[in-house]
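Student: Residues per chain are reported as follows:
2 protein chains.
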Amino acid sequence: MPDLPNRQILLRRRPTGLVAPGDTELVTAPAPEPAEGEALVRTTYVGLDAAVRTWLNDQPGYLPPVQLGEVIRAAGIGEVVSSRCDAYEVGDVVTTLTGFQEYVIVRDDVFSTPIPGRAHPAEKVDQLAVMSVYGPTGATAYIGMMDIGRPQPGETVVVSAAAGATGSVAGQIAKIAGARVVGIAGGPEKCRAVVEDFGFDACIDYKNEDVAAALKRHCPRRVNVYFDNVGGPILDAVLGRLATKARVVLCGVISSYLSGQHPGPANYVNLLSKTALMQGFNALDEWGRFDEAHAALRQWESEGRIKARQTVFEGVDSCVDALNGLFTGANIGKMLVKLSEPASG
Amino acid sequence: MPDLPNRQILLRRRPTGLVAPGDTELVTAPAPEPAEGEALVRTTYVGLDAAVRTWLNDQPGYLPPVQLGEVIRAAGIGEVVSSRCDAYEVGDVVTTLTGFQEYVIVRDDVFSTPIPGRAHPAEKVDQLAVMSVYGPTGATAYIGMMDIGRPQPGETVVVSAAAGATGSVAGQIAKIAGARVVGIAGGPEKCRAVVEDFGFDACIDYKNEDVAAALKRHCPRRVNVYFDNVGGPILDAVLGRLATKARVVLCGVISSYLSGQHPGPANYVNLLSKTALMQGFNALDEWGRFDEAHAALRQWESEGRIKARQTVFEGVDSCVDALNGLFTGANIGKMLVKLSEPASG
Numbered sequence: 001m002p003d004l005p006n007r008q009i010l011l012r013r014r015p016t017g018l019v020a021p022g023d024t025e026l027v028t029a030p031a032p033e034p035a036e037g038e039a040l041v042r043t044t045y046v047g048l049d050a051a052v053r054t055w056l057n058d059q060p061g062y063l064p065p066v067q068l069g070e071v072i073r074a075a076g077i078g079e080v081v082s083s084r085c086d087a088y089e090v091g092d093v094v095t096t097l098t099g100f101q102e103y104v105i106v107r108d109d110v111f112s113t114p115i116p117g118r119a120h121p122a123e124k125v126d127q128l129a130v131m132s133v134y135g136p137t138g139a140t141a142y143i144g145m146m147d148i149g150r151p152q153p154g155e156t157v158v159v160s161a162a163a164g165a166t167g168s169v170a171g172q173i174a175k176i177a178g179a180r181v182v183g184i185a186g187g188p189e190k191c192r193a194v195v196e197d198f199g200f201d202a203c204i205d206y207k208n209e210d211v212a213a214a215l216k217r218h219c220p221r222r223v224n225v226y227f228d229n230v231g232g233p234i235l236d237a238v239l240g241r242l243a244t245k246a247r248v249v250l251c252g253v254i255s256s257y258l259s260g261q262h263p264g265p266a267n268y269v270n271l272l273s274k275t276a277l278m279q280g281f282n283a284l285d286e287w288g289r290f291d292e293a294h295a296a297l298r299q300w301e302s303e304g305r306i307k308a309r310q311t312v313f314e315g316v317d318s319c320v321d322a323l324n325g326l327f328t329g330a331n332i333g334k335m336l337v338k339l340s341e342p343a344s345g
Numbered sequence: 001m002p003d004l005p006n007r008q009i010l011l012r013r014r015p016t017g018l019v020a021p022g023d024t025e026l027v028t029a030p031a032p033e034p035a036e037g038e039a040l041v042r043t044t045y046v047g048l049d050a051a052v053r054t055w056l057n058d059q060p061g062y063l064p065p066v067q068l069g070e071v072i073r074a075a076g077i078g079e080v081v082s083s084r085c086d087a088y089e090v091g092d093v094v095t096t097l098t099g100f101q102e103y104v105i106v107r108d109d110v111f112s113t114p115i116p117g118r119a120h121p122a123e124k125v126d127q128l129a130v131m132s133v134y135g136p137t138g139a140t141a142y143i144g145m146m147d148i149g150r151p152q153p154g155e156t157v158v159v160s161a162a163a164g165a166t167g168s169v170a171g172q173i174a175k176i177a178g179a180r181v182v183g184i185a186g187g188p189e190k191c192r193a194v195v196e197d198f199g200f201d202a203c204i205d206y207k208n209e210d211v212a213a214a215l216k217r218h219c220p221r222r223v224n225v226y227f228d229n230v231g232g233p234i235l236d237a238v239l240g241r242l243a244t245k246a247r248v249v250l251c252g253v254i255s256s257y258l259s260g261q262h263p264g265p266a267n268y269v270n271l272l273s274k275t276a277l278m279q280g281f282n283a284l285d286e287w288g289r290f291d292e293a294h295a296a297l298r299q300w301e302s303e304g305r306i307k308a309r310q311t312v313f314e315g316v317d318s319c320v321d322a323l324n325g326l327f328t329g330a331n332i333g334k335m336l337v338k339l340s341e342p343a344s345g
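Same order as they appear, the protein sequences are chains A and V.
Positions 1 to 345 (UniProt numbering) are the ones given, in order, by the first sequence.
Positions 1 to 345 (UniProt numbering) are the ones given, in order, by the second sequence.
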């Protein structure tokens, strides 16, 4: 399969704040030939999450920073177009760290996974669902909510970035657990989606409401579980409204990924007065539980109790806009970029 | 037993910051006569902890605020001098909320407890030990360290207010668990006590050292457990040095009890990047585990593995100075005021 052009977005300069023109470069290289033990995957969708932005900073994390001149790292999904290994057949759907590029080599390692049910024809795979509710995003919502949040029937659960990929699923899981669920999102369109599409009991519009006052109104018996995707003043406001024995799930600090500056939440002292806990987690540490998470999410989805939405940009050249859009609030549900037409539609 | 004078310290005005002249008044009232079902206790020692100060503020807590005109509330120990109930005999040693006063009425309720082993003669009861390592102070250290901290052999544990009543015991428990233990205390005298008396591996003098730099030096493999009694910049510094899967035990925020203002710890974001937890607790919620805590502490104390110290002021009129001294760093070990000579010496 010679002469396949592979358009890629390379990192040229470390961004400060949003990724700016000149921080990245779109180049076209020939798609690599798979060596023995490898396969070539044509990227269909790239998924955006805040981690992608953190990898552009020159600071240690659970994966090393992207180096200047390298393709920007991101998780994605694609289809095998040629294979020289037993693990993959042409037509297989594969999730892997595709990065911002149209073709990628995979090997049979932990970061390249034939999706569950690969025996089924690729046409049957709902790649959008795999990249949102069934992927690491769904597993993150499941593990954070079930293991740390542990919502009980009748409890009040608050979820920030509630219209986002993780928050929307996390809140729906809490609903299934029998909790009353209040979202926090930015703007009336998102708040409407949170209530109407994702079935939350209420949603606070942090751009147009006083969050502390709204929490008091919507959470008369205070907050038993807070699933935090944002940090900053919203975290502080919810900490000010904790119930006794509350659980605060730290999933993200999107309010400060860009600046690297995080105002400390002064209301952390309520963790003491309310004998509450605040715990960070990384779903990738719980890789062994992904099967359980996906099985539960598939079951709930088939029962119509979990709904997923996606915001889909088109073309590799829109990857940077999609990444920036995460931080400017451009997405409802999972932010994806479609790089090629999936066989599975 | 008529005409016993009972000197008491009453709250006259809510203090701001340290308790000032005019906030309290020393009065002498006749000691009350016990009614049927009651006993009269002569206070021997009053114990000071930060909660005593918080009860002087007009804000809700796990106990209601002390009202103006009331005796200042505090836990203490004493000896029964007359009894009209089956629960107590003259000579019994009793722990109760004595308050800042020389005599107090007790009933057989949860706040008035004949000390373990009351069948033994009062002369044999080590009241100083009961008011420090065996009392709620020791139970607080035990429950916080064992249930939330969970130190493992070879781990690094940091304890703030390490020369204080709770911190000194918490650190010794972590040593028994096989951890390397680093204290944080104010001034060379306290740091010497932390290492020489309480057996910590090292102690950082926050008044004379850069805490973040000292943590880097003393905790080369970062901090697995932090037992926090102080909050403020020291909490923030330790959060900046957390190891993966670290546990932060929130036991107190003595740095801000007085002002009511608590700068938020900006490094809380490390709870996310290190998948760590921070949990507040109140040992009084775990009343049912006090027997277990005391049994363990007695065993360790008898083996010479737990040492307790006390700082003892004299006379009911020094109660306010002792309370203020908690916040100005006047004590090594438990801060007590001796109100009368115990039969048990």
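Warning: the hint list may mix true and false statements.
Treat identical chains as interchangeable: a pair holds within one or across any two.
To be verified - Each computed EDC-like pair below joins lysine to aspartate or glutamate, with the alpha-carbon atoms no more than 20 Å apart: (1) K175 - D210; (2) K245 - D321; (3) K207 - E286; (4) K245 - D126; (5) K245 - E286; (6) K175 - D236; (7) K216 - E292; (8) K207 - D108; (9) K307 - D197; (10) K245 - D210; (11) K338 - D317; (12) K245 - D285.
Simulated from the structure, these hints should not be mistaken for lab results.
Here the structure is a predicted model, which is why all the values come from computation and not from measurement.
Student: Compare the structure with each hint and give your call.
Tutor: Hints and how they fare:
1. K175 - D210: neither (25 Å within a copy, 47 Å between copies)
2. K245 - D321: neither (41 Å within a copy, 35 Å between copies)
3. K207 - E286: Neither. Shortest intra-copy (34 Å) and inter-copy (42 Å) distances fail the 20 Å Cα cut-off.
4. K245 - D126: Result: close neither inside a copy nor across copies, 40 Å intra and 35 Å inter.
5. K245 - E286: Result: close only across copies, 13 Å inter versus 24 Å intra.
6. K175 - D236: This pair counts as neither: shortest intra-copy Cα distance 24 Å, inter-copy 35 Å.
7. K216 - E292: Intra 36 Å, inter 40 Å, cutoff 20 Å: neither.
8. K207 - D108: neither (45 Å within a copy, 55 Å between copies)
9. K307 - D197: Answer is within; shortest intra-copy Cα gap is 7 Å, inter-copy 61 Å.
10. K245 - D210: neither (25 Å within a copy, 34 Å between copies)
11. K338 - D317: within (10 Å within a copy, 77 Å between copies)
12. K245 - D285: Only across copies: K245 and D285 sit 11 Å apart there, 25 Å inside one copy, limit 20 Å.
In the structure shown, a violation is registered for the earlier hints numbered 1, 2, 3, 4, 6, 7, 8, 10, in ascending order.
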